[in-house]
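Undergrad: Given chain A, put chain B in place with the hints provided.
Those protein sequences? They're chains A and B, same order as listed.
Residue 1528 in my numbering sits at position 32 of the first sequence; the count goes up by one each step and never skips.
Residue 39 in my numbering sits at position 20 of the second sequence; the count goes up by one each step and never skips.
Mixed in with the good hints there might be a few duds.
As the list claims (entries may be wrong) - The list that follows gives simulated cross-link-like pairs (lysine-lysine, DSBU-like), each with its CA atoms no further than 30 Å apart:
1) Lys1514/A - Lys1567/A
2) Lys1514/A - Lys117/B
3) Lys1549/A - Lys90/B
4) Lys1566/A - Lys117/B
5) Lys24/B - Lys1499/A
6) Lys24/B - Lys73/B
7) Lys117/B - Lys87/B
8) Lys1553/A - Lys56/B
9) Lys117/B - Lys56/B
10) Lys56/B - Lys73/B
11) Lys1567/A - Lys87/B
12) Lys56/B - Lys1499/A
13) Lys1551/A - Lys24/B
14) Lys117/B - Lys1499/A
15) Lys1567/A - Lys1549/A
16) Lys56/B - Lys1509/A
17) Lys1553/A - Lys24/B
18) Lys117/B - Lys1553/A
19) Lys1551/A - Lys117/B
20) Lys1553/A - Lys90/B
21) Lys75/B - Lys129/B
22) Lys90/B - Lys1567/A
23) Lys1551/A - Lys73/B
In case anyone wonders, no lab produced these hints; they're calculated from the structure.
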Amino acid sequence: DVKVTQSSRYLVKRTGEKVFLECVQDMDHENMFWYRQDPGLGLRLIYFSYDVKMKEKGDIPEGYSVSREKKERFSLILESASTNQTSMYLCASRRTGTGFPYGYTFGSGTRLTVV
Amino acid sequence: DQQVKQNSPSLSVQEGRISILNCDYTNSMFDYFLWYKKYPAEGPTFLISISSIKDKNEDGRFTVFLNKSAKHLSLHIVPSQPGDSAVYFCAASAQGGKLIFGQGTELSVKP
Chain A
1497 DVKVTQSSRY
1507 LVKRTGEKVF
1517 LECVQDMDHE
1527 NMFWYRQDPG
1537 LGLRLIYFSY
1547 DVKMKEKGDI
1557 PEGYSVSREK
1567 KERFSLILES
1577 ASTNQTSMYL
1587 CASRRTGTGF
1597 PYGYTFGSGT
1607 RLTVV
Chain B
20 DQQVKQNSPS
30 LSVQEGRISI
40 LNCDYTNSMF
50 DYFLWYKKYP
60 AEGPTFLISI
70 SSIKDKNEDG
80 RFTVFLNKSA
90 KHLSLHIVPS
100 QPGDSAVYFC
110 AASAQGGKLI
120 FGQGTELSVK
130 P
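Okay, chain A solo, but in the shape it has when bound (with noise of 0.2 Å):
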């Protein structure tokens, strides 16, 4: 069964730590994209790669980069974490090419608190 994995589940940081969300996916997919959520504002793009070392700003990048290192992996740093980054964060990814759907697959999600 194909995965995304998102390293932790629940996190609790402290203002103005540095940050690391890790997703690992095993589906040999290209695109991998990095959402927050939050409630009546939906799935908001942080950002996302279309394949490795490749990084594009989404909707909302302020306060956050990305690493693509390895095709499998694509991290989401908070450089200085803040308070209104409190968020769920979720890590997706899909296979590019003909034949293919269009839809993501989701890791689970990592709930995040910035104290």
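TA: Chain B alone, transformed into the frame defined by chain A:
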């Protein structure tokens, strides 16, 4: 600019009745639409999709309808079950591009 909108943040339905979740979009280039279901503390899971060349797709209790002239799609769940209680997101894509999600609708199915 919100290209995909779910204007109802919540919906409450009695068990056994029909649930209708709505979604509107503005971008006429969207050619593929999906619905995802999300339980608390879990990631969204794919539910059903429809291509713009169709106006209806059915999978068991779930049917998605697409009205391209109105730029509107809806998800029907018949009959609704308590286990259907979750947040439902609609999403759209243009020519295989990244998905654009709506804000979500929280469905509560009461026994």
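Undergrad: Hint by hint, which ones does the structure fall short of?
TA: 3, 11, 22 and 23
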